[in-house]
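Asks: Chains as they are written, first to last, in the numbering used here: chain B, 1 to 381; chain U, 10001 to 11081.
Calculated directly from the structure, the hints in this document are not laboratory data.
Among the hints, a few may not be true.
As the list claims (entries may be wrong) - Calculated lysine to aspartate or glutamate pairs in the EDC-like style (CA-CA distance at most 20 Å, straight line):
no.	chain 1	residue 1	chain 2	residue 2
1	U	10259	B	98
2	B	18	U	10266
3	B	298	U	10488
4	B	15	U	10420
5	U	10342	B	329
6	U	10476	U	10414
7	B	359	U	10266
8	B	18	U	10547
9	U	10342	B	126
Stated by the list, open to error - Covered stretches of chain U, as calculated for chain B (at least 3 residues, CB under 8 Å):
no.	stretch
10	10145-10156
11	10452-10464
12	10523-10536
Note that beta-carbon positions come from the ideal geometry of N, C-alpha and C, so glycine has one too.
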Amino acid sequence: MDRIKPAILVLESGKSFKGSSFGSSGEAVGEVVFNTSMTGYQEILTDPSYKGQIILMTEPHIGNVGTNSEDLESKKVHCEGFIVREISSIVSNWRSTETLQKFLTSRKIPALSGIDTRALTKHLREAGVMRGILSTVDFDPESLLKKVRDSALMIGNDLVKEVTCSQPYEWEVPKSPTLNVVIMDFGVKQNILRSLQEKGCRITVLPANSTIQQILSYSPDGIMLSNGPGDPAAVHYAIDTIKRVIDLPNQKAKTSIPLFGICLGHQLLGLALGGKTYKLKFGHRGVNHPVKDLSTGKIEITTQNHGFAVDIESLAGKDVELTHVNLNDGTLEGMRHKTLPIFSVQYHPESSSGPHDSKYLFDRFIALIQKNKLMQKYSNG
Amino acid sequence: MGKRTDIHKILIIGSGPIIIGQACEFDYSGTQALRALKSEGYEVVLINSNPATIMTDPEFADATYVEPLTPEFLEKVIEKERPDAILPTLGGQTALNLAVTVAEKGVLKKWGVELIGAKLEAIKKAEDRKLFKEAMIKIGLDLPKSGVAYNLTEAEKISKEIGFPLIIRPSFTLAGTGSSIVYSQDEFIEAATNALDSSPISEILIEESVLGWKEFELEVMRDRLDNCVVICSIENFDPMGVHTGDSITVAPAQTLTDKEYQILRDQAFQCIRAIGVETGGSNIQFAVHPTNGRVVVIEMNPRVSRSSALASKATGFPIAKIAAKLAVGYTLDEIPNDITQKTPASFEPTLDYCVVKIPRFAFEKFTKSDQTLNSQMKSVGEVMAIGRTFKEALQKAIRGLEIGRAGLGADGNDVPGTIEEIKNKLRIPNNNRIFNVTYALEAGLNKEDIFTLSGIDPWFTQQIEEIIEMKHKIEKNSKNLSYELLKESKQFGFSDKQLAFLTQNSESDIRSLRKKEKILPTYKVVDTCAGEFPAFTPYFYSTYEEEDEGEVNPQEKKVIILGGGPNRIGQGIEFDYCCVHAVMALHEEGYKSIMVNCNPETVSTDYDISDRLYFEPLTFEDVMNIIEKEKPIGVIVQFGGQTPLNLTLPLANAGVQILGTSPNSIDVSEDRHKFGQLLKKLNLLHPEWGSATTLEDTLTVAKKLKYPVIVRPSYVLGGRGMKIVYDEKGLEEYVQKSLLEKNGKSSHPILVDRFLNNAKEVDVDAISDGESVLIAGILEHIEEAGIHSGDSACILPPQNLTHKELETIKEITEKLALGLNCKGLLNIQFAIQEGKVYILEVNPRASRTVPFISKATGVPIAKIAAKIMIGKTLKELKSQYDFSKLSLSKMKHIAVKEAVLPWVKFPGTDVLLSPEMKSTGEVMGIDSTFALAFFKSQIASGSTLPLSGKILCSLRDADKTTALPMIRSLQDIGFSLVATEGTYLYLKKNGLQVDLVKKISEGRPHVVDLIKNRQVQIVVNTPSLNEGASSDGSKIRTASIQFQVPIFTTLSALEAFKESALQIYSMKPAIEVRTLQSYFK
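Extracted from the complex, chain B is given alone in its bound form (with noise of 0.2 Å):
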């Protein structure tokens, strides 16, 4: 057995937190959130979200499971840091084929187990989360503090450049694809990427900051908005693109394309809509998030990521109605455009880690894109 190597937690609070290194040595600074989710790690380490971020699990059990070749969110680990309070030692499941341990080795990620991970999520929930440096290297407090109190600031970083993708490309077109849609990768999941294709939608991932033109020169018969990392108010550039898409049927096409954002996407789509966004104390990151269809008064159980949110008063007085609530706190989940097929969500209909209650989502983009498309064709002929 090798011998225990240790690991530090210091967070720009002062507290600190030893324990064992499980992953690469080095140093990795982050913001610290913390995930109730009690499965579905290999997701959340892929998730092109997390980045900027050092994720603490509270499921004190981690690594069960080991990880496969599927499981995958994006082909890299985009998290900082990653701190369990009990690393497995082995691995037990039909589909695992490495260990979490080398799996967060190999990808050059720092990660900490063995300590009271419950103290620490209570104290990011009371003071709300911070940055945090995780090392296996300095063991310095001051040294360390230094270097996390230097570190960049959530608020007004920009990570969506880091992680979109620099060329557009075509994800796996489905047997017969039907409909036509184009991605603005912030950070894209790759369960969206299924998730439409499985609805027979040919799909073509562009960076993001692509322009309003080259989106149109794909002529999608909708556009998603993808998740993605950071202060959506720091990515101008995409709230810019967002607003021409939106301003469409004013332009001489004056046609409309329906859009539809998650995450990340749906803050951007409220910065654009002329919402105001802010940052939540701690986050909602889980997948137990009770959510109410004000549509239907049907509640889903939804996965969340995210550390910001839009103000809900600020789009008073917009072309904006709410669609859906967060049940725990009251906070935006769910907007649409009076007018236009323009709609967003806060969370993951995608899931993956998580339930699959808001599936529907996507059936509900397919068929506001096909009465779209209809009613273009009426309207033109």
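Following the hints, position chain U against chain B.
Replies: Frame of chain B; chain U shown alone:
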């Protein structure tokens, strides 16, 4: 949408007596439901025959019927109360089956009653194997290959299609009764016959074996708007093949990826929707193939269950309470989460700890029965433990089991055996399997070997291996335990006792060392949300980490109540009832109550019963940690049965204030010699006795006392190992066997008492404040002395005691209570032989009969006792409670308690009552006359008790004279008689009309055929001394149980039956139901 306003009165059906497969979890769920519905303003009616429950306390329902749970009695209640709705999903299988029966009989339609929670169709779809299978196939879910048979021919045809091994399950039975795993054609015929028999509709499912597959359970809730949530996922440590009630289970599931878990979640919702459970909780079981991941649905319970009680305690989400609210129309988002207060119940709890449940067995009482664990549930109780890791929770659970183990090994009690024995025990599931895994690892087997042999997932084995590695590390460093190692070992769940054993120290050395090093437990909150939201409920578990969340208010006046731990035979729901009453009494008197218990089935471990709940094992270490943290004014040990009582001396020695009767008095009552001296001083009679540690001495003592004698090991519970022996040969056998069990050394001596033949036994419960004594109840046993009081039926007020006897009993009780300086409850057992009153034993604690007396009289005696323990006097309490209701002469009604025995679950065990307690539960019959009260008690206990038909008599010679007049009377009121040869000749000679039946050896049809064909309606069989298991008598008794023909094995019980039958025959009274409340007006 809110609650329904079109219904006003709701009837809840309880689950009746505690039996294997249906324990106090349904008191927990029923009590929650009653409280929830009452708080919503509904009028609530309850029917439950079990007097030991909290739910039957008169203040919980508006109308409480302690009446038999049969369709006839239920209809009477419906007719009288005219409820708008019945909620049948909270009283286990009993309530569900009962609801189905009355619905099908048209009773509900006749009286205009609606089933809420689950409709008839949904219940049938879930419970009927065939309908369930069809429903699952329709929605595309995979199931094990199977077929339904209604007779043996059909069954054989299906078995050929599926191949062996296969599983046979009868429809509509409890806890898998009659289920079995069959490996060959030979076994198949017998198993299929039994199963067809045990199904009330003669229907069995024959199924592809999924033995060794991984087993998972999901606890799901649904509201009327079709919102579904998973409350808890549970993974079984024991793979498929062992009944989930007998499996070690773990929450949350540990070995599924999110993708796989979500498949189970989707399927669980599909299932609850297809079955059509409209609102409430359901439990869905899945098997998952360990190497290819194929998922099959095993079954679903359309009601709250044992698993949902576990899930409630494991997550902090009160499933039963929420189920009740959903049933009256609320939706999940309209109900607040009590724990966070700010968030709604429409969410899925997330855990930041690990929960382990381990079942507790009672095989030591049924030694002749097969002890293999299979699809028929055999455990009698369970323990739950919470830790931050599986390792910690597992070790805590094992020490909470009270099976003499301090954790997973490392306590000097390991008995590994040879490698072949170890392998064998891994192959065949048994209650020791968890220890066998440690033996196997120590013997060099690896995780894969263990998986191949047992199907136990390597992840679990790895955790066990890590515990063993830690054990070796501690041993290696035993002379010099570092801070880090000591802390880590505590995080691995090692008890001080284990550490003491490993380092050759005493437990107190380790404790001192820990305290010196400041390695103290930290208490964390069970909050449903892994710390995401602040929690307002003080529900704690211990672990060894950095932050302690259990902030203590030193200003509060608080009292710790120690619960009873896992249910077992001899210590069950009665003690939980008493503990809950102690909590209520403390609240009434302005004290804060702190509950410590580790039994997830109980009301006492509901987080909103006490002010603080510590879900912890009841060991000295764990309890002392809480005491040192909380600094209560005292600890109540009297109410949780023998478990807390055993902690009295160690706690007192550690300086803890024991409330009520002093530790010294408890010691006097438990120590034979000291007690003997006290009796001598008070000039009271007791059967002569002696004690010895060797065979020779035992024989000498017995000779002096004269046979028969009653022998037992000292310090036992529930008459464990107790036996009446009639001669030297019997005694020799007994002593040799008991020495053998202890590996030849007997640390506790064997006690020998003179056995009082043909003596009446009487139980007395009394309350003393040290100055005066209140007799709460004098209970006359129906069975004579020599049969464990827990197994004996008893009557309140007594019917056959003379005034003088009663007065003597009262006098002695007062003398003893004051002599022992009791403060609180005490229970005395008396034997009356030829007018002389002997003291058999004294227990200075709440007894099993306390709830029965409270239900029979309407006086909450446990509450009164608790108040005395915190300093009130009987004089002061007189104004608060009406003690005159306890007056035997003033009682206008009669209550009969009957024991319920688990014979059906332990085939091979002779169905005889003895000094060793075997019953799991009790029922009460209450009415204006003995005849009716007794009749009701028999019906409630599951006997059909016919008032006409044929009686089969097979009596031992010694009983024939006494039995003759009883049998004659029964013949006089119309019973016909059939008897085996000896009895036949005797009855005939005495002028009775009787038929002869062949003994088994005399050819067919013989006596057992008669029972099998149900050609007799009652069996009277009294066993001769030293009767072997292969005797006709034994087979007669076994057949009676198997084919559910009422049987009397004692003449005293026959006499009670005769009395009752005669009265009913002559007076033809109308059998009526009455609320408990109405008896106390």
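Asks: None of the hints should be skipped; say for each whether it holds.
Replies: Right, here's what the structure says about each hint:
1. Annotation: proposed proximity of residue 10259 of chain U to residue 98 of chain B holds, straight-line Cα distance about 17 Å (limit 20 Å).
2. Distance hint between residue 18 of chain B and residue 10266 of chain U is unfulfilled; the C-alpha atoms sit about 40 Å from each other, more than 20 Å.
3. About 47 Å separates the Cα atoms of residue 298 of chain B and residue 10488 of chain U, which puts this hinted pair outside 20 Å; it is violated.
4. Distance check on the hinted pair: residue 15 of chain B and residue 10420 of chain U sit about 54 Å apart at the alpha-carbon level, beyond 20 Å; violated.
5. A C-alpha spacing of about 8 Å is found between residue 10342 of chain U and residue 329 of chain B, which places the hinted pair at or below 20 Å, so the restraint holds.
6. The straight-line distance between the Cα atoms of residue 10476 of chain U and residue 10414 of chain U is roughly 19 Å, inside the 20 Å bound, and the hint therefore holds.
7. Proposed proximity of residue 359 of chain B and residue 10266 of chain U is supported: the alpha carbons are some 12 Å apart, at most 20 Å.
8. Taken as a hint, the residue 18 of chain B and residue 10547 of chain U pair is honoured in the structure, with Cα atoms around 14 Å apart against an allowance of 20 Å.
9. As the CA atoms of residue 10342 of chain U and residue 126 of chain B are separated by approximately 16 Å, the hinted pair is consistent with the 20 Å bound.
10. Three residues within the 8 Å Cβ limit are the bar, and the stretch 10145-10156 of chain U against chain B gives 0, so the coverage statement is violated.
11. Closer than 8 Å: that is the beta-carbon criterion, and the stretch 10452-10464 of chain U has 4 residues meeting it against chain B, so the requirement of 3 holds.
12. Three residues within the 8 Å Cβ limit are the bar, and the stretch 10523-10536 of chain U against chain B gives 7, so the coverage statement holds.
Checked against the numbered hints given earlier, this structure breaks hints 2, 3, 4, 10; the rest are met.
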